[in-house]
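> What follows is the residue order along each chain.
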Amino acid sequence: MEKRNTKAWLYLLPALFFLGFFMVYPLIDVFIYSFEEGYNFASQTYFGVGSYNYAYVLRDPYFLQAVKNTLILVIITVPLSTAFALLLSAALSSIKPLRNLFQTVYFLPYVTNTLAVGLVFMILFKKTAYSDGMINLLINWFGGSSVDFIDGPYWAKMFVLCFYTIWIVMPFKVLLLTSALASVNQNYYNAARVDGTSKRRIFLRITLPMISPTVFYLVITGFIGAFKAYSDAVALFGTDLNAAGMNTIVGYVYDMLYGNSGGYPSYASAAAILLFVIVLTITCINLLVSKKHVHYS
Amino acid sequence: MKIVLQNLTKKFPAPGRKSQKEIIAVDNFSFEIPDGKLVGLLGPSGCGKSTTLNLICGLLAPSSGKIFFGDNDVTDLPPENRGVGMVFQNYALYPHLTVRQNILFPLQNLKGKNRPSKEEMESRVHNAAKLVQIDSLLDRKPGELSGGQQQRVAIARALVKMPHVLLLDEPLSNLDARLRLQTREEIRKIQKKTGITTVFVTHDQEEAMSISDLIVVMKDGLIQQIGQPQQVYDNPVNLFVAKFLGTPPINVFEGSIRSEQLYIGSHSVLPAEGIPDQKVFAAVRPEGFIPDENGPLCCTLNGIEVMGRDISIISSHACAAGPAIRSIIAAENRIDTTASEVRFSLKPSKVFLFSQKSEERIYPSC
Numbered sequence: 001m002e003k004r005n006t007k008a009w010l011y012l013l014p015a016l017f018f019l020g021f022f023m024v025y026p027l028i029d030v031f032i033y034s035f036e037e038g039y040n041f042a043s044q045t046y047f048g049v050g051s052y053n054y055a056y057v058l059r060d061p062y063f064l065q066a067v068k069n070t071l072i073l074v075i076i077t078v079p080l081s082t083a084f085a086l087l088l089s090a091a092l093s094s095i096k097p098l099r100n101l102f103q104t105v106y107f108l109p110y111v112t113n114t115l116a117v118g119l120v121f122m123i124l125f126k127k128t129a130y131s132d133g134m135i136n137l138l139i140n141w142f143g144g145s146s147v148d149f150i151d152g153p154y155w156a157k158m159f160v161l162c163f164y165t166i167w168i169v170m171p172f173k174v175l176l177l178t179s180a181l182a183s184v185n186q187n188y189y190n191a192a193r194v195d196g197t198s199k200r201r202i203f204l205r206i207t208l209p210m211i212s213p214t215v216f217y218l219v220i221t222g223f224i225g226a227f228k229a230y231s232d233a234v235a236l237f238g239t240d241l242n243a244a245g246m247n248t249i250v251g252y253v254y255d256m257l258y259g260n261s262g263g264y265p266s267y268a269s270a271a272a273i274l275l276f277v278i279v280l281t282i283t284c285i286n287l288l289v290s291k292k293h294v295h296y297s
Numbered sequence: 001m002k003i004v005l006q007n008l009t010k011k012f013p014a015p016g017r018k019s020q021k022e023i024i025a026v027d028n029f030s031f032e033i034p035d036g037k038l039v040g041l042l043g044p045s046g047c048g049k050s051t052t053l054n055l056i057c058g059l060l061a062p063s064s065g066k067i068f069f070g071d072n073d074v075t076d077l078p079p080e081n082r083g084v085g086m087v088f089q090n091y092a093l094y095p096h097l098t099v100r101q102n103i104l105f106p107l108q109n110l111k112g113k114n115r116p117s118k119e120e121m122e123s124r125v126h127n128a129a130k131l132v133q134i135d136s137l138l139d140r141k142p143g144e145l146s147g148g149q150q151q152r153v154a155i156a157r158a159l160v161k162m163p164h165v166l167l168l169d170e171p172l173s174n175l176d177a178r179l180r181l182q183t184r185e186e187i188r189k190i191q192k193k194t195g196i197t198t199v200f201v202t203h204d205q206e207e208a209m210s211i212s213d214l215i216v217v218m219k220d221g222l223i224q225q226i227g228q229p230q231q232v233y234d235n236p237v238n239l240f241v242a243k244f245l246g247t248p249p250i251n252v253f254e255g256s257i258r259s260e261q262l263y264i265g266s267h268s269v270l271p272a273e274g275i276p277d278q279k280v281f282a283a284v285r286p287e288g289f290i291p292d293e294n295g296p297l298c299c300t301l302n303g304i305e306v307m308g309r310d311i312s313i314i315s316s317h318a319c320a321a322g323p324a325i326r327s328i329i330a331a332e333n334r335i336d337t338t339a340s341e342v343r344f345s346l347k348p349s350k351v352f353l354f355s356q357k358s359e360e361r362i363y364p365s366c
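Residue numbers (this note's numbering), protein chains in the order written: chain A, 1 to 297; chain B, 1 to 366.
Please keep in mind that the hints were generated in silico from the structure rather than gathered at the bench. Where a beta carbon is used, it is the ideal one built from N, C-alpha and C, also for glycine. Hints may contain errors.
[To be verified] Cβ pair distances, simulated, as ranges:
no.	chain 1	residue 1	chain 2	residue 2	range
1	A	Phe159	B	Pro95	47 to 57 Å
2	B	Asp76	A	Leu101	29 to 39 Å
3	A	Val111	B	Arg178	52 to 62 Å
4	A	Pro97	B	Gly70	57 to 67 Å
[What the hints assert, rightly or not] Taking lysine-lysine pairs in the PhoX-like style, the calculated list, with each CA pair at most 20 Å apart, reads:
no.	chain 1	residue 1	chain 2	residue 2
5	B	Lys66	B	Lys2
6	A	Lys68	A	Lys199
7	B	Lys111	A	Lys199
8	B	Lys357	B	Lys219
9	A	Lys292	B	Lys219
10	B	Lys37	B	Lys189
11	A	Lys291	B	Lys111
12	B	Lys243	B	Lys189
13	B	Lys66	B	Lys111
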C-alpha cells in the first residue's frame with residue numbers, strides 16, 4: 001500500500017511541478033504583490049505593506065469603468081451566446097440536407113484569425129472618410145441616421161463589442177452542443193413521441209436536461225472567458241482602451257503593467273486579485289445552481 | 001381491441017450506393033391479432049419483427065398496406081392518436097426524472113378535457129405502479145433501479161395512459177436468465193389482468209412459446225407461420241420453422257424416399273405411404289428417438305448427459321445435417337455408456353419430412 005502511494009506520487013510529480021511552478025507560485029506571488037505598496041520590479045523594493053493598493057484601484061475611475069464594461073459584457077454575451085448556440089444547434093440537428101455544410105459554416109469563425117475578424121467588423125461598423133460602414137448604409141436605407149459605432153456613443157460601442165464577442169464564442173458552443181444533441185439516444189424521442197409529447201415539452205423536459213452537463217460547462221467557461229475579455233476590445237477599439245472608455249478588467253491589469261500609464265505591478269496585482277475574487281464568486285454560484293439543474297447520467 | 005394488418009409492406013432505401021436495391025424489411029404482411037391476446041413476433045435478428053412493431057406503433061409509416069385498430073383505419077395516425085403504449089428494448093426511461101415523474105410524463109402530455117385532474121393523475125400513477133409492484137420505488141431515479149425494476153417502470157409508464165394496445169420490443173433481452181423467467185410470467189399476468197391486446201417481439205423461441213397465445217414466426221420480412229405455440233411446434237410448415245422452434249433444436253437428416261420408405265443412409269427407418277420418390281430432409285424432434293437394440297437408425301455414440309428427469313444422448317450420423325444429434329429420453333432407460341454405437345427407432349409423430357427443393361413440409365401433409 002505504502003509503496004503504491006509512492007509510485008502514484010511519482011507519476012503525478014511532473015504535472016504537480018509544472019502546475020505548482022507556473023500556476024500556484026505566480027498566484028501566491030501576485031497575492032503578495034497586491035499588498036506591497038509601490039513595489040518596483042527592478043529594485044525589488046517596496047514602501048510598506050497594507051491594503052493601499054486595493055483602496056487605490058477601487059477608487060480609480062478607469063478601474064470602475066473597466067468593471068462596469070466587463071460586467072455588461074458578461075451579462076449580455078454569456079446568456080445570449082448560449083441561447084443562440086442552443087437554438088442554432090437544435091436547428092442544425094433537425095435539418096437533414098446540407099447539414100454538414102451548415103455545420104462547417106457555423107464553425108468557420110472558430111478557425112478564423114481574430115484580427116481578420118476585426119477587419120471585417122471594421123468594414124461593417126467603422127466610419128471612414130469614404131464610407132459610414134455597411135451597417136450605417138443599412139440604417140440609412142431604412143431612413144435612420146448614421147451612428148459612429150467605433151468612436152461614437154457608449155451604447156453603440158458596447159453593442160459592437162457584445163456583437164463581436166457573441167460572434168466569436170458562438171462556433172465552439174455550437175460545436176459542443178450539436179455533438180451533445182447527437183448523443184441523446186433516439187429512443188427517448190421515440191418514447192416521447194408515442195406519448196404525444198409536444199415539441200416544446202420534448203425540448204424543455206427531455207433534450208435540455210439530457211444535454212445539461214454540456215450547457216453547464218459552456219456557461220461556466222463562458223462566464224470565465226467573458227470576464228477575461230481583452231483582445232476583442234483591442235481588435236475593435238485599438239490599444240488605448242481607457243481613452244475609448246471601453247477598457248476591461250484584464251485590459252486594466254495590462255495597462256497598469258505595460259501600458260503608457262504602466263509600471264505599477266502592485267496596482268495590477270490588486271486588480272487581478274479582485275478579478276479572481278469576482279470570477280470565483282460567480283463560479284461558486286454557478287456550481288450551486290447547477291446542483292439542482294444539471295443531470296449527470 | 002383487435003389489430004388487423006393488411007398487406008403491410010415496409011421498404012427502406014438501401015444504405016450506401018444508389019445502384020443497390022432497396023431493402024424490404026416487411027413484405028406483404030397480413031394477419032389479424034384477436035382482441036385481448038398476447039402475441040409474440042418471433043424470428044432471427046433482421047427478420048423485420050421490430051419494424052412490424054414500429055409500424056403498429058406508428059413510429060414508422062408503411063410503404064404500402066393498412067393497419068386497423070378495431071374498425072378504425074389508423075395507418076395515417078401519429079402514434080399518440082393511436083392509443084398505444086410502447087416499452088422499448090432499453091426501456092428509454094428518462095434518467096433525470098424520478099420513477100413517479102416518468103410514469104406521470106404521458107399523462108402530463110394530455111390536453112384540454114382529456115387531461116385528468118391532479119388527484120386523478122396521482123391515483124393513476126399509483127395504480128399503475130401497484131400493478132407492476134414498484135409502488136415503493138416511486139421516488140427513486142431509474143439509475144438506482146435494477147434491470148428488472150426498470151422494466152416494470154417502463155411497463156407502468158406504457159400502461160398509465162390506458163392504451164388499447166401494448167407493444168413490447170424485446171422486453172426480456174436486457175435481463176439475466178433468472179429474472180427473465182420471472183418477468184415473463186409477470187408480463188403474462190399483467191396482460192391477463194388488464195386484458196390489453198399485447199404484441200411483443202423476441203428472438204428467443206422459448207420466451208415466445210411460454211407466454212404467447214399466438215406466435216408469428218418471421219423470416220426475411222415474410223410470415224412463415226402463425227398459430228398457437230404448441231400447434232406451431234407440432235406442425236411446422238417448413239424446415240425453417242421446425243429448426244427455429246424447440247430446445248434442443250430439431251435434428252435434421254438428409255434422407256430419401258424410395259418405394260414409400262424413408263431411408264436415412266442405407267437403412268429404411270420409417271414407412272412413408274403415398275409419397276413419391278425424392279430426396280428429403282427428415283427432421284426428428286429430440287423426444288422422437290426411442291433407444292432400441294434392433295432399431296434401424298444406427299448412430300455413433302459420443303456422450304450422455306444425465307439431467308435427473310431425462311437423459312440426453314449425444315450421437316452422430318453421416319447423414320445428419322448438424323455435427324451432433326441430440327435425443328432426449330426418459331431417465332428410466334438404461335443406456336450402455338461404454339458402447340460405441342447406439343440404435344434408435346423413431347416415433348412417427350415426431351418426424352417431419354421436408355422437400356429438399358422447397359423446404360416445405362411434405363409429410364405429414366399440411
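> Compare the structure with each hint and give your call.
Structure-based check of each hint:
The given range of 47 to 57 Å is broken by Phe159 of chain A and Pro95 of chain B, whose C-beta atoms sit roughly 41 Å from each other. One distance hint, 29 to 39 Å for the beta-carbon pair Asp76 of chain B and Leu101 of chain A, holds here, with the actual separation near 33 Å. The given range of 52 to 62 Å is respected by Val111 of chain A and Arg178 of chain B, whose C-beta atoms sit roughly 55 Å from each other. A C-beta distance of roughly 39 Å is found between Pro97 of chain A and Gly70 of chain B, which places it outside the suggested range of 57 to 67 Å.
Of the supplied pair hints, the one linking Lys66 of chain B and Lys2 of chain B holds, its CA atoms being roughly 14 Å apart against a limit of 20 Å. Taking the CA atoms of Lys68 of chain A and Lys199 of chain A, the gap is near 39 Å; set against the 20 Å cutoff, the hint is violated. For the hint pairing Lys111 of chain B with Lys199 of chain A, the CA-to-CA distance comes to about 14 Å; that is within 20 Å, so the pair holds. For the proposed pair Lys357 of chain B and Lys219 of chain B, the alpha carbon gap of about 18 Å is at most 20 Å, so the pair holds.
The straight-line distance between the Cα atoms of Lys292 of chain A and Lys219 of chain B is roughly 49 Å, outside the 20 Å bound, and the hint therefore fails. For the hint pairing Lys37 of chain B with Lys189 of chain B, the CA-to-CA distance comes to about 12 Å; that is within 20 Å, so the pair holds. As the CA atoms of Lys291 of chain A and Lys111 of chain B are separated by approximately 32 Å, the hinted pair breaks the 20 Å bound. With a C-alpha separation of about 29 Å, the suggested pairing of Lys243 of chain B with Lys189 of chain B is violated against the 20 Å cut-off.
Restraint check for Lys66 of chain B and Lys111 of chain B: not satisfied, since their Cα atoms lie roughly 28 Å apart, outside the 20 Å limit.
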